[in-house]
Structure formats: structure tokens, C-alpha cells
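Heads up, the sequence shown is in UniProt numbering, so the first residue is 1 and it goes up one at a time.
Source of the hints: derived by calculation from the structure; they are not laboratory data. Source: prediction; values computed, not measured. The reader is advised that the hints may include incorrect statements.
[To be verified] As a list, the in silico BS3-like pairs of lysine-lysine whose alpha-carbon atoms are at most 27 Å apart:
1) Lys259 <-> Lys277
2) Lys233 <-> Lys252
3) Lys90 <-> Lys279
4) Lys279 <-> Lys205
5) Lys233 <-> Lys201
6) Lys279 <-> Lys259
7) Lys239 <-> Lys90
8) Lys115 <-> Lys70
9) Lys32 <-> Lys279
10) Lys32 <-> Lys144
11) Lys277 <-> Lys201
12) Lys279 <-> Lys252
13) Lys144 <-> Lys70
14) Lys32 <-> Lys239
15) Lys279 <-> Lys201
16) Lys239 <-> Lys201
17) Lys277 <-> Lys252
18) Lys201 <-> Lys115
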Amino acid sequence: YKRLMFDTDGTVEKNNQLVIGPTGSGKTFMAKQIAKYLDVPIVIADATSLTESGYVGDDVESIISSLLMKVDYNVARAEQGIIFLDEIDKIGRKGENVSITRDVCGEGVQQALLKLVEGTIVRVAPQGGRKHPQQEMIEVDTSKILFIGSGAFVGLDSLNANTIGFNSSNDKDRHLISSELIDYGMIPEFVGRFPVIVQTKELTKDELKQILADIDNNLIDQTRFYFELDEVKLIFSEKALDKIVELALQYKVGARALKGILENTLLEYYYELDELKGKEVLIEETDVQEG
């Protein structure tokens with residue numbers, strides 16, 4: 001984003017990123033935090049909902065419409081934004097053989113995203129309306145927008161587990177990663193639009209504990225806040241916190257499991273908040289319920 005501040009003639013190209021990692025490892029959270037820190041708009045788009053233009057589903061240009069709506073159609077601000085393409089691994093082409101039936105949700109979406117990710121002028125209908133020939137359109141230059149692709153790419157890490165990393169700069173490593181992604185179903189041109197490839201790891205027990213109870217705006221503090229609105233003091237024993245984390249580890253979906261377990265554990269208390277007003281609720285290890 002220093003490029004946007006100082007590169008006035010547009011000679012420095014952006015570095016779109018591809019983030020590979022297991023479910024619940026913080027890929028989306030990381031992107032949201034970056035956007036918040038930089039004070040730029042972000043749109044989280046589910047790649048599996050996209051189709052080629054002209055087919056049932058959201059075409060790729062709808063992502064730009066969503067970004068514009070986020071900033072009340074301020075084009076300059078939209079062009080500084082981030083588009084996070086989630087579940088990008090799900091749009092891999094369905095097979096090596098060319099099918100008679102067009103793959104509008106797989107390779108077709110990759111093809112449609114190519115120009116958007118690389119940089120092009122997208123003409124969008126104002127206020128999210130439908131396009132028609134006489135309508136004055138809003139033009140958005142996507143060459144300044146940062147695109148972050150994200151996916152679990154299940155099985156990819158077992159092929160060359162040591163070749164992907166935040167500090168990997170080896171050309172050979174990059175070639176191996178690209179080859180694996182192409183084998184996975186991504187077309188070479190699409191892979192080439194993401195020069196930076198990074199990996200998130202499965203969260204450890206300690207990291208899950210921090211997300212649950214230690215970091216700013218952690219899940220426990222959020223839950224306590226809602227109970228305090230009804231004048232109920234919520235207390236968790238350390239063993240209860242450990243039990244929540246242990247259960248979350250078993251589900252193999254990272255931090256996403258924590259909230260489900262927490263909500264299930266507290267479900268009966270939500271229905272009794274009026275009766276508990278002015279009291280303390282202590283959650284012990286034996287009170288913890290599976291999500």
C-alpha cells in the first residue's frame with residue numbers, strides 16, 4: 001500500500017497473494033485485520049458462488065459492485081480496496097479432458113477472473129442496478145485493487161510440505177508450488193496472477209487458547225459482554241477453558257470450532273438470563289458441551 005501512496009505514475013505493479021492453509025487457520029481473519037489496519041475497504045467473496053457472465057449465479061463483476069457499495073460508490077476509495085476470494089481451490093477445473101459441457105463454475109470462473117485480477121476497467125451499473133445500453137456506468141480500475149486468493153487445497157501440503165512458506169523465495173520452490181496448483185486444477189494463467197504464495201498452519205493448542213481467552217476482543221470477553229448486559233457475571237475456570245480447546249482440536253476445523261462449543265455450553269444459561277440477573281455463573285470443566 002506504500003505503492004498507492006508514492007507510485008503516482010503506476011509503474012510499480014501490485015503483488016496479489018494466494019494464501020493456502022487449513023480451515024480455521026485464520027486466513028480470512030488475517031485479511032480483515034490487514035484491511036482494518038490500513039483503513040481500506042474489503043470484500044469477502046465466495047468463489048464457489050461465482051459463474052461466468054451469462055449463467056445463473058454471481059458473475060465476477062458483482063464483486064466490484066459489492067466493493068463500491070461498501071464505500072458508497074466512492075470509486076477512488078474502492079480502487080484502494082482488498083478483494084478476498086475465499087474457497088478459491090473449489091474452482092479448479094473438473095478434469096484434464098475437455099468436456100462437451102462448459103465448466104462455468106470452475107475453469108470458466110478462473111478465466112473470467114483473469115483480467116479482473118491482473119487489472120482492467122470494469123463498468124458497473126450505479127446503485128447495484130442492472131446494465132442497459134442507455135445507462136451511464138461507473139468505471140472502476142482494478143489494477144490498484146489487491147486480490148487475495150484463499151483456499152485449503154486439501155492434499156497439496158502432502159506433495160511438497162516444505163516448499164511453501166512465508167519466507168520462501170527460492171525459484172525452484174515457486175516452480176514446484178505452481179506445478180502442484182496446476183495439477184490441482186488451477187489454470188497456469190490464473191496461478192501466474194498471484195506472484196506471492198504464503199501458507200498458514202494448523203493452529204496449535206496454545207494458539208487456540210489465546211484466541212479463546214487472551215487476545216484483544218477474544219471469544220470469552222465477547223460472551224461476557226452479552227451476559228453483563230443482563231447483569232450476569234460469567235466466570236470460566238482454567239480447566240473449562242482447556243476443555244473447550246481440547247474439544248476444538250478434535251474437530252480439525254481450527255478456531256471455528258471454539259465458538260460452537262462455547263455457544264453449546266452456554267445455551268441453557270441464555271434461556272435463564274432473567275432469573276440469573278445479579279448473580280455469578282461459574283463454568284467448570286464438567287459443564288463444557290461439545291459443539
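27 Å limit on alpha-carbon distance, applied to hinted pair lysine 279 and lysine 201: This hinted pair is violated, its Cα atoms lying about 41 Å apart.
Taken at face value, is the distance from the CA of lysine 277 to the CA of lysine 259 at most 27 Å? 24 Å, holds
Lysine 279 and lysine 252: Cα distance at most 27 Å? 36 Å, violated
When you check the alpha-carbon spacing of lysine 279 and lysine 259, does it fall within 27 Å? With a Cα-Cα distance of about 24 Å, the restraint between lysine 279 and lysine 259 holds, given a limit of 27 Å.
Going straight from one Cα to the other, do lysine 201 and lysine 115 come out at no more than 27 Å? Since the Cα atoms of lysine 201 and lysine 115 sit roughly 30 Å apart, the hinted pair is violated (cutoff 27 Å).
Restraint check for lysine 32 with lysine 144, where alpha carbons must lie at most 27 Å apart: 18 Å, holds
When you check the alpha-carbon spacing of lysine 90 and lysine 279, does it fall within 27 Å? Roughly 48 Å between the alpha carbons, so the hint for lysine 90 and lysine 279 is violated.
Please work out if lysine 115 and lysine 70 have their alpha carbons no farther apart than 27 Å. Between lysine 115 and lysine 70 the Cα gap is close to 22 Å, so the pair holds against 27 Å.
Is the Cα-Cα distance between lysine 279 and lysine 205 27 Å or less? It is violated: about 32 Å lies between the C-alpha atoms, which goes past 27 Å.
Take a quick look at whether lysine 239 and lysine 90 sit within 27 Å of each other, Cα to Cα. 39 Å, violated
Hint consistency between lysine 144 and lysine 70 [alpha-carbon to alpha-carbon, up to 27 Å]: 17 Å, holds
Given the hint that lysine 239 pairs with lysine 201, test it: the Cα-Cα distance must not exceed 27 Å. 26 Å, holds
In the structure shown, a violation is registered for the earlier hints numbered 2, 3, 4, 5, 7, 9, 11, 12, 14, 15, 17 and 18, in ascending order.
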